[in-house]
Amino acid sequence: MTHSSILIWPVLLPLFLGTVMFLIRGRSVLLLSLAAAVGTALTSFNVCRIVHQSSTLIHEVGGWGAPLGIVLRADGLTAVMLGLSGLVGLVISVYSLTYFKSNSRKEHLFWPIWLLLWGGLNGLFISGDIFNLYVTLELVSLGAIPLIALAGTRNAIKASLRYLLLALLGSMSYLFGVGLLYMRFGVLDLVMLGNVITPDFTAYVALALMIGGLIIKAALFPMHFWLPPAHSSAPAPVSAALSGLVVTASFYAIARLWFYAFPALELAKLSQLIGLLGCGAILWGGWQAIRQERLKTLVAYSTVSQIGYLFLVFPLCNTAVEGSGIAWSGCILFAVSHAIAKACAFLAAGVFIKVYGHDSISKLRGAGRQLPMVTLAFALAGVSLMGLPPSGGFFGKWMLLKAAFVTGQWGYGVVMVCGGLLAFCYIFRVLEQFMTAPDENAPKVKAPAVMTYSVLLLAVAAVSLGFFTPVLLSVLGVDSPVSLVSFAPEALLP
Amino acid sequence: MNAWLPVLIPATSLIAALIIFFIKEENRGLRTFVNLTLASLKVLLVAFLVVGVSQNKDYRFTLALFYGFELVLHADALSLLFVGLSALLWLVTTIYAIGYLDVSQEHDKRRFFGFFSLCVSATTSIALAGNLFTFLVFYELLTIATYPLVAHRGGPDAIKAGRVYLLYTLGGGALLLVAIVWLKSIVGAANFATGGMLIPFVVSHQTELTIIFTMLIVGFGVKAALVPLHGWLPVAMVAPAPVSALLHAVAVVNAGAFGIIRIVYDVYGPDVCTQLGVRPWLAAAAAFTIIYGSVRALRQDDFKRRLAYSTVSQLSYIILGTAIIGPLATIGGLVHLFHQGIMKITMFFVAGNLAEELHIKKVSQMNGIGRRMPITMAAFSIAACAMIGIPPMAGFISKWHLGLGAIVAGQEWVVVVLLGSTILNAAYFLPIVYRAWFKEPDVAFDPPPNGRKLEIHPYLLIPPLFTALCVIAAGIFAGMPFSPLEWTKLITLKEYGP
Numbered sequence: 000m001t002h003s004s005i006l007i008w009p010v011l012l013p014l015f016l017g018t019v020m021f022l023i024r025g026r027s028v029l030l031l032s033l034a035a036a037v038g039t040a041l042t043s044f045n046v047c048r049i050v051h052q053s054s055t056l057i058h059e060v061g062g063w064g065a066p067l068g069i070v071l072r073a074d075g076l077t078a079v080m081l082g083l084s085g086l087v088g089l090v091i092s093v094y095s096l097t098y099f100k101s102n103s104r105k106e107h108l109f110w111p112i113w114l115l116l117w118g119g120l121n122g123l124f125i126s127g128d129i130f131n132l133y134v135t136l137e138l139v140s141l142g143a144i145p146l147i148a149l150a151g152t153r154n155a156i157k158a159s160l161r162y163l164l165l166a167l168l169g170s171m172s173y174l175f176g177v178g179l180l181y182m183r184f185g186v187l188d189l190v191m192l193g194n195v196i197t198p199d200f201t202a203y204v205a206l207a208l209m210i211g212g213l214i215i216k217a218a219l220f221p222m223h224f225w226l227p228p229a230h231s232s233a234p235a236p237v238s239a240a241l242s243g244l245v246v247t248a249s250f251y252a253i254a255r256l257w258f259y260a261f262p263a264l265e266l267a268k269l270s271q272l273i274g275l276l277g278c279g280a281i282l283w284g285g286w287q288a289i290r291q292e293r294l295k296t297l298v299a300y301s302t303v304s305q306i307g308y309l310f311l312v313f314p315l316c317n318t319a320v321e322g323s324g325i326a327w328s329g330c331i332l333f334a335v336s337h338a339i340a341k342a343c344a345f346l347a348a349g350v351f352i353k354v355y356g357h358d359s360i361s362k363l364r365g366a367g368r369q370l371p372m373v374t375l376a377f378a379l380a381g382v383s384l385m386g387l388p389p390s391g392g393f394f395g396k397w398m399l400l401k402a403a404f405v406t407g408q409w410g411y412g413v414v415m416v417c418g419g420l421l422a423f424c425y426i427f428r429v430l431e432q433f434m435t436a437p438d439e440n441a442p443k444v445k446a447p448a449v450m451t452y453s454v455l456l457l458a459v460a461a462v463s464l465g466f467f468t469p470v471l472l473s474v475l476g477v478d479s480p481v482s483l484v485s486f487a488p489e490a491l492l493p
Numbered sequence: 000m001n002a003w004l005p006v007l008i009p010a011t012s013l014i015a016a017l018i019i020f021f022i023k024e025e026n027r028g029l030r031t032f033v034n035l036t037l038a039s040l041k042v043l044l045v046a047f048l049v050v051g052v053s054q055n056k057d058y059r060f061t062l063a064l065f066y067g068f069e070l071v072l073h074a075d076a077l078s079l080l081f082v083g084l085s086a087l088l089w090l091v092t093t094i095y096a097i098g099y100l101d102v103s104q105e106h107d108k109r110r111f112f113g114f115f116s117l118c119v120s121a122t123t124s125i126a127l128a129g130n131l132f133t134f135l136v137f138y139e140l141l142t143i144a145t146y147p148l149v150a151h152r153g154g155p156d157a158i159k160a161g162r163v164y165l166l167y168t169l170g171g172g173a174l175l176l177v178a179i180v181w182l183k184s185i186v187g188a189a190n191f192a193t194g195g196m197l198i199p200f201v202v203s204h205q206t207e208l209t210i211i212f213t214m215l216i217v218g219f220g221v222k223a224a225l226v227p228l229h230g231w232l233p234v235a236m237v238a239p240a241p242v243s244a245l246l247h248a249v250a251v252v253n254a255g256a257f258g259i260i261r262i263v264y265d266v267y268g269p270d271v272c273t274q275l276g277v278r279p280w281l282a283a284a285a286a287f288t289i290i291y292g293s294v295r296a297l298r299q300d301d302f303k304r305r306l307a308y309s310t311v312s313q314l315s316y317i318i319l320g321t322a323i324i325g326p327l328a329t330i331g332g333l334v335h336l337f338h339q340g341i342m343k344i345t346m347f348f349v350a351g352n353l354a355e356e357l358h359i360k361k362v363s364q365m366n367g368i369g370r371r372m373p374i375t376m377a378a379f380s381i382a383a384c385a386m387i388g389i390p391p392m393a394g395f396i397s398k399w400h401l402g403l404g405a406i407v408a409g410q411e412w413v414v415v416v417l418l419g420s421t422i423l424n425a426a427y428f429l430p431i432v433y434r435a436w437f438k439e440p441d442v443a444f445d446p447p448p449n450g451r452k453l454e455i456h457p458y459l460l461i462p463p464l465f466t467a468l469c470v471i472a473a474g475i476f477a478g479m480p481f482s483p484l485e486w487t488k489l490i491t492l493k494e495y496g497p
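One line per chain: the protein sequences are A and G, in this order.
Numbering that gives the first Met the number 0 puts the first residue of the first sequence at 0, with every later residue one more than the last.
Numbering that gives the first Met the number 0 puts the first residue of the second sequence at 0, with every later residue one more than the last.
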C-alpha cells in the first residue's frame, strides 16, 4: 500500500463526521464540528505538502485501476485547490461556530450539510475521471441548495429553488456529454480520455454539452442570473462558501476538461467565444455591483465580474505562443486570490448583518469607527478584488495582462483594466460609507471576537498572497497541463 | 547587512503602522512613543545609508516572486535624495501631527497614525524601488494608504475629496499598469539603470516606446499634478494639516515627480528621450503647468488652496529640470524635489497653526496676524522668500541651476518662464507677508488660553521653526558636503558620467 491513500481523507473525514453530526445534539456539536473542520483542513494541507514534495499522487480505490475501477488523482492543480478549500473551509467553520445561535435548529442543520458540501468539493478536486466529476458536482449542488434555503426567508427559498433547477439542468447536460464520450471512446479516466480522443462530431457535441452545463454552474455571463439572489440571500458563511469555493470548483471542472481531456480538439473559436462571455461578465457584473443597494448583493455581483477574469484563460493561454503559459498561472492565482477575498468579504458582510441587523449600504454609515477591524478586513479584501498590490489579485491580473500582450489580444487587456476600474467604484462606494463620520448618538456596538479575527485572518491572507506566489506556482507546476517554461522552477523559491 | 538595510528602512514605518493599528485608541502615550521611536530610528538608519552610499557601497535587496518578477530595493544616490527627504519630514510631521490631533480633538487617531506610517513606508519603498515593477507595487500601495487620511474627517466634503483623489490616482495607476506590462513585454525583466535600458530597442520599437512614454508620463503626472491632471490636489485641501503636509511635501506629489525622474533618467535614459523627441513636449507641459499654477494661485483667497496651486506650479520645476538636457538643469530639478518639500511643508504647518489657533483660513483674514503669532509667521515669511527665489535661500539655488542649465542647453525661453513664475510667486506670497506684518488687525485676536506663554502648543510651533531653519540652511550651506545640492551633484555626476 502506498502513501497515496492519504488522498481519501479530505473527502472521507467530512463526509463521515457530517453524517455523525446529524445524530448528535448539545454542546458536543461545537466540539465535534471544530474537530471535523481542523481534521479536514489538516488532511487537505497534508496532500498539498506531499504533492509538492514528491509528485502527482494516484490512488486506485480498492486496488482497481482504470478503466474498471475508480482512480483518484492529485496533481499540482488539485493540490492548490485542496489547499484553498482547506484554508477557506477552516475559517468559514470557525466563523460559523459563533454565527449560528448555539443549539438552534439552524445550527443543527448547518453542520452536517456544510461538511457534506466540503467533502463533496474535496472529492471533486481529486476526481480522476469524468463520471466522478459528475457525482461530486451533484454532491456539491445538493449541499449548496439546502444551505441557501437555511436562511429561511422567502427570497432565500425562491433563490435556492431556482438554483436547484439550473444546477440540475447543468448536471444533466454534463452527464449527457459524459455518456456520449463513454459511448464513443469507452473510457472515463481523464488522462486516458485525453490520449484517445479524436476530433470528430461526437467529441464536439459532448464538449459543447459538458462545457455548457458547467458554465451554468459557474455562473458565467449571461448564465449568471441565478447567482446574485442565491449568494446574497444565503446565511453569510454559506455565501462565503458558495462564492469562494463552489463557483471556483465549477470553473476548476471546466479547466480540467479543457486542458486534460480535450487538448486534441480544435478549440480556438470556442475559446474566443468563452473569452467574449468572460468580458461580458467582467463589465456587466462590475456595472451591476455599482448599482446595488445591499452589501451582499454587491459582493455577489462582484463574483459574477471576477469569474469573468478566470474564463479569459481559455483565449489567452494559447499553447502555440511561447510565454502564454503565464496566463494559466495567472488564472489559478487569480482564482485562489478571489476565493479568499470573496469569502472574506461575505464573512465581513455577515458581521455587519449580525451587528446592525441589515446590510443596506447607505445605512452602514460610520461603521468604520464602530467596527474598525471588520472594516479593515473588508477593505483589505477589497484591495485584493480591485487587483492592487501586494494581493494575489494584482499578480494574477498582471500575468493575464502580460499574456494578452504576448499573444497580441489587446482587447482582453483593455477589458481587464476597465473591470479593475469598475471594482474601484463598487468597493469604494462601500468604503466611503464606512469612512463617513457616524451620527453623534449612534449606539455603541461590538462584534464577536471570533468572527472579527477569523475575517481579518482571511483578509491578511488575501492581501499577502502575492508574497506566496513562488510557493503557489511551484505547487501548481507539478504535472502542469500547460508548458510552464515561462518560469523556471528553481528560480521560484526564495 | 548590505542587503537588509534597504528593507529595514521602509520596515521601520511598516512596523510602526502594524503596532499602532493594535494600540487602543485611548492609549495616547504608547502610540506617541512608538511613533517617535521608530521615526527617529528611521532617520538614523537613513543617515547611516547616506554615508555608506557616498562611499560607493552597494545596498541591494532582491526577492524573486516568480520568473522575471523581482522585488528589488536598491539604495542609489537618487533614491537617497527622496528617502532622506521623507524620513526627515516624517519625523517632523509626526511631531506636528501628535500636537495637531490633540489640539483639534480629532477622532480615530489610531487609524490616522497607522495609515500615516503606512504611507511613509510606501514612499520610502518607492524611493528605493530598483525596477518599475517594484515601483508600481508601492506606488499603488501609497494611493490606497492615503485615502483614509484624505477622507479622515468623514464629513461630506472630506468624502468627496477622497473620491476625487481616488478617481484621479487610481485612473492614473491603471494607465501605469498597462504601460509597464507593455514595456516589460518588449524589454523583459530589467532594473533601473543609469543612462536607461532601452537603447537596443529604440530603432525597432520607436512608436510603441513613444506611446508607452506618454502613458507613463500621464500616469505619473496625476500625482505630480501636471495640468490638466492636477484637479485632485486643491480639492484634497479639506484634509487635516498634517495630511496636507504629507501630500504636498513628504510623499504623494513627490512620488509622482520621482516617477517621472526615474522614467526619464533610469528607464528611457536621456539619450533615448532625445531620440524619441519627447523632451520638448515634456518641457512644454511643465512650463505651462508652472505658469498656470501660479496664475490660479493668485486668485485664491483660501490660504490652503493658494498653497495647493503653488505646489502644482512648483512641482513642475522638477519636471522641467528633467526635461531639459544637461547636467546643470538636472541638478536644478532634482534639488528642487528636496527644497520644494521643506519649503512647502513649512507653509502647511503655518496654515494648520492659523486654522487651529485662530480659525483663520482665508488670506483676507490675515491682517496683522504677525503680532499674535510672530514665530509662526516668521517661519512663513522665510519659506515664502525662499519660494520666490530670494538668495541665499533654498528656492534660489534651484532656480539658479535651472536657469543656468537652460541657457547652457540653448533653451533661453525657459529663463523667461522662470522669471515670469518668480514674479507671480512674489505676487501671491508677498501680499500675505505684507498683511501679516504691516497691516493693522481687523479684529482683536483671541489671546492664548489658560495663560500659556507660547503663541501655540509647542508641538505645533517647533516643526515649522525647524523646517524654516532647514530652508535657510539648505541655501547658505549649499556648498557643504551632504547638503541637498552637493548630493544632487553626486547623482548628476553618475548620470552624465565621465
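Simulated from the structure, these hints should not be mistaken for lab results.
Take the hints with a grain of salt, since some may be wrong.
[Claimed, not checked] List time: in silico DSS-like cross-link candidates among lysine-lysine, alpha-carbon distance up to 30 Å:
| hint | chain 1 | residue 1 | chain 2 | residue 2 |
| --- | --- | --- | --- | --- |
| 1 | A | Lys157 | A | Lys443 |
| 2 | A | Lys362 | G | Lys183 |
| 3 | A | Lys157 | A | Lys353 |
| 4 | A | Lys353 | G | Lys23 |
| 5 | A | Lys105 | A | Lys268 |
| 6 | A | Lys100 | A | Lys353 |
| 7 | A | Lys445 | G | Lys183 |
| 8 | G | Lys23 | A | Lys443 |
| 9 | A | Lys268 | A | Lys445 |
| 10 | G | Lys159 | A | Lys445 |
| 11 | G | Lys159 | A | Lys268 |
| 12 | A | Lys362 | G | Lys159 |
| 13 | A | Lys443 | G | Lys183 |
(message) Holds or violated: lysine 445/A and lysine 183/G, Cα atoms, limit 30 Å.
(response) Given pair lysine 445/A, lysine 183/G is violated - Cα atoms ~48 Å apart, limit 30 Å.
(message) Next pair to validate is lysine 159/G with lysine 445/A; report whether the Cα-Cα distance is within 30 Å.
(response) holds (28 Å)
(message) Need the status of pair lysine 157/A, lysine 443/A: alpha-carbon distance at most 30 Å?
(response) It is violated: about 35 Å lies between the C-alpha atoms, which goes past 30 Å.
(message) So if I understand the rule, the pair passes when the alpha-carbon distance is 30 Å or less; does lysine 268/A with lysine 445/A pass?
(response) This hinted pair is violated, its Cα atoms lying about 54 Å apart.
(request) Given the hint that lysine 362/A pairs with lysine 183/G, test it: the Cα-Cα distance must not exceed 30 Å. (result) violated (45 Å)
(request) Sort out whether lysine 353/A lies within 30 Å of lysine 157/A, counting only the CA atoms. (result) holds (23 Å)
(message) Does lysine 183/G sit within 30 Å of lysine 443/A, going by the straight-line distance between their CA atoms?
(response) It is violated: about 51 Å lies between the C-alpha atoms, which goes past 30 Å.
(request) Sort out whether lysine 443/A lies within 30 Å of lysine 23/G, counting only the CA atoms. (result) holds (16 Å)
(message) Next pair to validate is lysine 159/G with lysine 268/A; report whether the Cα-Cα distance is within 30 Å.
(response) violated (46 Å)
(request) Take the C-alpha atoms of lysine 362/A and lysine 159/G, compute the straight-line distance between them, and say whether it is at most 30 Å. (result) Since the Cα atoms of lysine 362/A and lysine 159/G sit roughly 18 Å apart, the hinted pair holds (cutoff 30 Å).
(request) Measure nothing beyond the straight line between the CA atoms of lysine 105/A and lysine 268/A; if it is 30 Å or shorter, mark the hint as holding. (result) At roughly 47 Å apart (the allowed maximum being 30 Å), lysine 268/A and lysine 105/A break the hint.
(message) Check the hint pairing lysine 353/A with lysine 23/G against an upper bound of 30 Å on the C-alpha distance.
(response) Status holds; Cα separation ~24 Å.
Hints 1, 2, 5, 7, 9, 11, 13, counting from the list given before, are not met by this structure.
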